[in-house]
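For this one, chain A is given, so just place chain B on it according to the hints.
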Amino acid sequence: MKLKKLVLLVIMLLAVSSLAACTPKKEAKTLIIFQNKVEINDVLTTYATAWGAANDVTVTVKTCGGDACAYGTQILAEFQAEKQPDIFVIEGMGGYNIYKDKMMEFSGDAWISNTDLEFKVGGKVFGFPVAVEGWGMAYNKKILDAAGVDIEALKDVSQAEYKEAFIKIQAYYDANSMSDYAVVSMAAASGMYWVTGLHNFNGYLSAGLDYADNSVIANLNNGIVDEARLAQLAEWFDLLKMYGDQAILTTGTYDDQVGKFADGKAAFLHQGNWTDSSYADSDFEMGYLPHATMTEGNDSIFIGAPSYYVINKGSKMTDVAKAFLNDLAASAAGHDYMVNKAHMVPAFNSVTLIPSTPLSASVMKWNQAGKAYAWWQNDMPSGFGMDTLGPIYELFAKGTTTKAEFIAQIKTAIEGLK
Amino acid sequence: MFLFQGAQNELNYIAVYGNLSTFEKENGLKTLMQKILYGVISGVMFIIIPFIALIALIARLFKIDIYAFDPMKQRKPIATYVVSRWMGNSGKAQHNRTFSLFLMPSLSAFSLFVMFTFFHGIFLSMTNWDGLNTGKEIFVGLSNYMSMFRDYGFVYSLYKTIIYSVLNIFAINIVAFFLAILVTQNLKLKNLYRAGFFLPNLIGGLVLGYIWQFIFNRAITSLGGSFATSLLVNGDSALLGLIIVITWQYAGYIMMIYIAALQNVPQDLVEASKIDGANAYQRLRTVILPLVAQAFTVSMFLTLVTSFKQYDTVISLTNGGPGTLLPQWITSWFGLAARPAVGSNNLIALNIYQEAFARYQLGVGQAKAIVFFVFLLAVSLLQVYYNKRKEVEL
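Quick mapping for you: the protein sequence lines, in order, are chains A and B. With the working numbering, letter number 175 in the first sequence gets 175, and the count goes up by one each step, no holes. Just add 1000 to wherever you are in the second sequence, counting from 1, and you've got the working numbering.
In case anyone wonders, no lab produced these hints; they're calculated from the structure. One or more of the hints may lead you astray.
Said to hold, decoys possible - In silico contact screen, one side only, chain B against chain A (beta carbon under 8 angstroms); selected entries:
1) Thr1134
2) Ser1230
3) Glu1271
4) Ala1272
5) Ala1341
6) Val1342
In this text, a Cβ means the ideal position worked out from N, Cα and C, and glycines have one as well.
Chain A extracted, bound-state conformation (with noise of 0.2 angstroms):
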């Protein structure tokens, strides 16, 4: 009998303990960082080890992203847990339309006028450039000096002009025998809507206009088509899958497209500077021109940030937040981790490192020359390139359908937009 009753008094116990163990505990410095970028989240932890060290703040980076983790999936999932994260990642527009309530409105912070590519809105400064990238279309120097092809006069580039360069190139493939070489790598397929839907799309959001510019996305998102900039952009298109090698073209993965240019085997790519991690093996010089969006008068390449860090504007910690951005941003550790360690292209003026990869470089060089076109593509309603405008390239690229079936596709697909 005795037994019975310890068993219960400790059954008690124990409920009563789980019960107290509910109650909020006073919690050490914690800084949650939760990003996308699954490829630089060792160096970004040392870094953010190394600075919490130093400040006397426990912090831990969180990653989420690539293939194997839907980023804008778990975040729900982060934002419904009791621990929620401290900083975290939008890209551009899109996501500030969904995690508007969510962020911390950035004032008086030093890195905001270091840059000029911080994440605003109306007026209000919500989001912290992780990095510069850039999209253009990627040459392989080798080809295009066997080719005859001036690089030089390509820099400001008409569609016209591209189409002499790609003819050259195919002749000099044909007389040499390279029948398994490509004048353009390009990949249309389900899984790369995000080449075509986004990167090449946004050439008909931003071709060709100031970098502020944002008429065309604005009247975009009220279902207002610009007619002739669909045509040129359907034409640029059409340029670029006629000379695409057509088995990446229509069933390429993203290893295939960008495998066949590290090879050597493409003049051109049409991919951004995050390829840069494929070359190590690739033995010719590269660079970026831009591309031919727009008839004529194409002279700089798509540079913007992709991903912006902004502050969860219900946690305890963001002063300790702001004070993690603005020593990434001054400090020479931080762009150490940036330009070295993480390989980015950093958005700050003030970094003076060089990236020692080539397309990284060579955005670095075309930004710093102020040739660049905005990115607006995030700024399209969530799905809309992928989900809408992804199937409509992809047939229009394996011939399904003809240029006019294209242009009034996209057409209706943006009017429905209203």
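This is chain B only, laid out in the frame that chain A set:
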């Protein structure tokens, strides 16, 4: 606590908009539903059950039988019934009390993880929840349900899923049944064959999709000739590709069910039919098929449900693509100017995922999921009903 939070949100809302009547107009029904939902369920879960358990525990500890009192003093019939069945020291009453106490753990787990989530899901499907405005979602009635039928992508997904499921059910069951007949013959290495046919089922759907993507896009196309174009390039053939992959994966599993059924066919009946001079086809049609009809019910149900819910292989094989033109009849039904492009393998589970997590319309996604649930429930009940009628009792 939940109720408190609701009140707090109400205050926040009023503080922001400064107008109580707007709040009531938009949120009146919602807060009512929320109160009923949260109140009843959290009340049962977190107050009543622990309270009863605590009282019982204390009574046990101090050896007080709190239920025991003299039933003879009660005169009312209902009270007498309750007392004799549930209270007092009679064996029946003790049994009932013990029974209900033993029921509590599983009942609370069931209500928390099944009932609560299910009804909460129905509630969320009637709100504008986007995953972040938790607690501030506005009740929108049935408008999520209306909007999904104005969405041609959803109608197309439903249409494509039905086509896919019908073809897939036939493909898997026919292949599985013939494999089962094959490996129940007197073959030398039949156990090896059984294991071999079953093996693909052990590979995860995502991995399988990537492997077959490579086979379709790179291996088969390298043969050239009429194989030069990958199956996954065009809309209709991509559906065929998906069916091939899923049949390859799932037929082995269904084969196991058929093997078990075929082995249970009484040999005396088979022998009797042989003596009567029936050939192999007649034996199959008139003796074996009716006797394995039960296995057909089970296999058809399994293949039906998995076909409708197909998700992982769709993602890895073609990511919902390739792009294809919306069928003419759906285009004209919605009165669209140009035939829009849609993902041809965008089956309904993927469509729901995209609605919720690519477009951040979790309320609409939830509504789609509920429509899908009801639809699947109805179809599978019908299927089981018709299959059951064909079964033969020995």
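Each hint, compared with the structure:
no.: 1; hint: Thr1134; in the structure: holds, 6 angstroms
no.: 2; hint: Ser1230; in the structure: holds, 5 angstroms
no.: 3; hint: Glu1271; in the structure: violated, 55 angstroms
no.: 4; hint: Ala1272; in the structure: violated, 56 angstroms
no.: 5; hint: Ala1341; in the structure: holds, 4 angstroms
no.: 6; hint: Val1342; in the structure: holds, 6 angstroms
The structure does not agree with the numbered hints 3 and 4 stated previously, though it agrees with the rest.
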